[in-house]
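Using the sequences and the hints, build the whole thing.
So the sequence lines, in the order shown, correspond to chains U and C.
Sequential numbering of the first sequence, starting at 1, is according to my numbering.
Sequential numbering of the second sequence, starting at 1, is according to my numbering.
FYI, nobody ran anything at the bench for these hints, they're computed from the structure.
Any given hint could turn out to be false.
The list makes no distinction among identical chains, and a pair is therefore deemed to hold if it is satisfied within one copy or across any two copies.
The list that follows gives simulated cross-link-like pairs (lysine-lysine, DSSO-like), each with its CA atoms no further than 30 Å apart [as the list claims (entries may be wrong)]:
1. K275 to K158
2. K177 to K188
3. K158 to K229
4. K304 to K28
5. K111 to K163
6. K163 to K188
There are 2 protein chains.
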Amino acid sequence: MADRPLIDHDYKTPLEYANTPNMDRLAKAGLLGQLDPVAPGVRPGSDVANMALLGYDPAKYYTGRGALEALGAGLNLSPSDVAFRCNFATVDDDFRVEDRRAGRIRKGTSKLAKAVDAIRIDGVPGVKTVFKSTVDHRAVLVLRGEKLSRMVSDVDPKEEGSKIGIAKALDGSEEAKRTAAAVNEFVKRSHEVLREHPLNQDRASEKEKVANIVLTRGAGTIPTLPSFKSMFDLRGTCITGTAMIKGLAMAAGLEVMDVRGATGSIRTDYEAKAKAVIEGSRDKNFILVHVKAPDIAGHDGDFKAKVRTLEEADSLVGHIMDEVDIGLNYFALTSDHATPVGYGTHTGDPVPIVIGGPDVPASRALKLSESTASRGNLGRIRGTDLMPILTDLLGRSRLYGS
Amino acid sequence: MADRPLIDHDYKTPLEYANTPNMDRLAKAGLLGQLDPVAPGVRPGSDVANMALLGYDPAKYYTGRGALEALGAGLNLSPSDVAFRCNFATVDDDFRVEDRRAGRIRKGTSKLAKAVDAIRIDGVPGVKTVFKSTVDHRAVLVLRGEKLSRMVSDVDPKEEGSKIGIAKALDGSEEAKRTAAAVNEFVKRSHEVLREHPLNQDRASEKEKVANIVLTRGAGTIPTLPSFKSMFDLRGTCITGTAMIKGLAMAAGLEVMDVRGATGSIRTDYEAKAKAVIEGSRDKNFILVHVKAPDIAGHDGDFKAKVRTLEEADSLVGHIMDEVDIGLNYFALTSDHATPVGYGTHTGDPVPIVIGGPDVPASRALKLSESTASRGNLGRIRGTDLMPILTDLLGRSRLYGS
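Given below as structure tokens:
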């Protein structure tokens with residue numbers, strides 16, 4: 001949601017430009033302020049930021065993204081497993097990356113994944129691999145075995161035209177060296193398996209980019225999180241189309257609702273999400289609804305799309321407010337980070353935060369925006385402050401001291 | 001810069017009283033807020049405060065002021081050296097301090113320093129001394145040798161009429177006891193050497209206060225700072241007339257520009273400083289400009305002088321803004337602490353902070369003041385937040401997480 005003022009748009013941000021009557025109503029009647037997802041100026045990844053918003057200090061709990069993705073993709077993980085985010089990609093004979101997403105391949109990836117999943121690693125004894133495709137060109141890899149480490153570098157060079165990276169031990173440990181060797185062998189074998197795959201031969205004959213390699217990044221182990229229930233005395237559920245958020249919710253012991261139409265993409269079914277909230281509120285007292293679309297518009301640098309996704313998200317807010325009584329329930333609305341359209345990447349800006357509900361002082365702001373939030377009645381808080389504030393408003397927090 | 005409202009001046013602060021059109025322009029167009037140099041209510045020394053503003057947490061990195069002064073005075077220090085701030089002072093035969101600054105002696109101090117530098121300590125084997133005069137009555141002492149400690153108390157009683165202190169071990173360690181013994185012997189020997197010095201005989205005959213002893217305080221070792229470049233990916237330079245700030249900059253790996261006219265006193269050449277900024281901006285992308293004068297006026301309890309120094313500092317800001325394009329560069333303006341004229345000492349108040357530059361939301365404040373800052377769009381941040389915020393605005397920060 002959060003952005004910076006744009007000179008080409010009368011120095012307005014997408015949120016200031018968007019027509020968001022429901023969010024504005026919430027902001028006017030509630031606590032309004034700025035939230036630093038981690039700390040002022042710190043530029044967070046979505047994994048770290050959402051961890052903080054759920055009340056878990058990333059400095060204490062963050063163990064990489066890969067395992068959250070793998071959990072969210074439905075794989076079972078044990079504490080000794082190391083998991084990776086993966087892309088099907090296109091490389092030339094010199095392992096130079098032609099397309100990091102293999103022409104944004106959508107069809108047949110589960111067949112390719114099956115072939116990759118069959119890879120056996122010979123060079124590193126006692127390590128098995130599990131591989132699964134998720135959405136489009138995305139997939140997850142799990143290395144399973146003794147003496148593995150998440151301290152290995154990425155194979156994905158994150159830019160086209162570069163050669164693929166060689167996984168390296170980041171801390172010099174034997175475990176990390178073993179893991180890096182396993183990753184490098186896996187990537188090499190994925191190329192051997194995929195370049196001969198019939199589906200790629202079809203793609204080549206149709207002049208489509210071939211998915212002839214798997215690139216790994218974001219090594220991670222499952223974080224050891226005290227349960228959300230034990231921390232905040234709340235029975236929680238989560239509505240999201242994003243595998244990482246699902247995995248994070250699972251690691252925290254939240255239920256994950258399976259909502260058809262919650263895609264985690266720029267087009268998502270906001271009405272289906274709103275219905276799921278109403279459904280979820282029957283037997284849960286905490287519901288996390290994650291909307292990915294404005295972040296995608298920010299990454300794409302698309303001002304109009306960002307305005308549109310915010311207006312669509314506003315309709316979701318409106319649906320929920322129509323059905324879930326704001327006179328009885330608390331409703332917090334925020335971003336996990338800013339993705340300004342002028343930058344196309346996450347920045348370290350504070351983001352607006354609104355908390356509405358019973359007995360909450362009204363900010364009397366006329367509109368929800370970065371600017372009104374910077375002068376709001378909540379002041380400037382941090383990501384890990386949100387759950388304690390909500391728990392306190394809900395009357396469920398424990399007294400510190402006596 | 002920062003102060004408190006004064007009943008004798010229509011409840012205005014010096015900053016509210018001063019005519020500061022350039023600072024006001026910067027505040028209006030930029031982020032405006034409050035900054036706690038260390039934490040709310042914490043009353044910081046300039047060393048600790050400037051360390052925090054440069055992004056180094058004093059709780060982690062602070063090792064006393066003496067070594068920063070010595071580095072800034074041009075002495076080479078090794079990690080085992082312990083350095084002290086010193087004053088030439090006047091004591092009577094009972095070692096009672098008549099004048100902590102020996103009549104603010106200005107002439108001949110390098111000759112006196114040469115005599116003091118020749119002192120050899122006999123009572124503590126393996127400890128050598130290096131002594132150098134700096135500005136006016138000020139000097140630095142370095143104790144060099146094995147098994148020394150900075151945990152020793154000050155000899156300077158910091159008030160006139162009191163007897164000089166005896167350096168004591170603050171932590172009971174053998175190293176601290178050894179260091180205290182060396183300090184006490186040095187101070188005693190300095191008195192022996194100085195009271196007979198011809199220059200003091202001349203001063204006595206001219207009824208000037210004699211500089212007949214050296215008083216030590218602020219024991220310190222060089223802090224082990226990760227380089228500013230490694231922390232923030234910035235090539236930095238520093239413009240200051242204050243030895244401690246020079247030393248801090250050097251410890252952080254910043255270049256220190258030699259600017260004639262930057263005196264670190266109440267009269268400094270603001271135009272020379274502005275020219276140095278423009279010069280420095282050619283091959284550096286971070287420039288720290290330190291202005292000492294308003295702090296001196298605060299210590300002197302001189303409202304008019306503080307207003308005048310703020311107006312002079314405003315002209316420096318104006319010079320820089322005329323030459324360095326604020327549409328392309330970021331400009332942060334703050335204080336390292338408040339020195340209210342009604343108190344004559346540092347206080348723990350938050351200080352105004354302004355950040356101007358591309359894509360920064362405008363506070364629309366009509367004037368820079370403590371009061372407008374307390375309602376600004378940046379909210380309330382801490383000293384160590386400043387560099388992460390600037391690094392993020394500059395697009396040079398690393399992503400935390402993925």
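The hints, checked one at a time:
1. K275 to K158: neither (37 Å within a copy, 42 Å between copies)
2. K177 to K188: within (17 Å within a copy, 60 Å between copies)
3. K158 to K229: between (38 Å within a copy, 24 Å between copies)
4. K304 to K28: The answer is both: 25 Å in one copy and 29 Å across copies each meet 30 Å.
5. K111 to K163: within (26 Å within a copy, 65 Å between copies)
6. K163 to K188: This pair counts as within: shortest intra-copy Cα distance 13 Å, inter-copy 69 Å.
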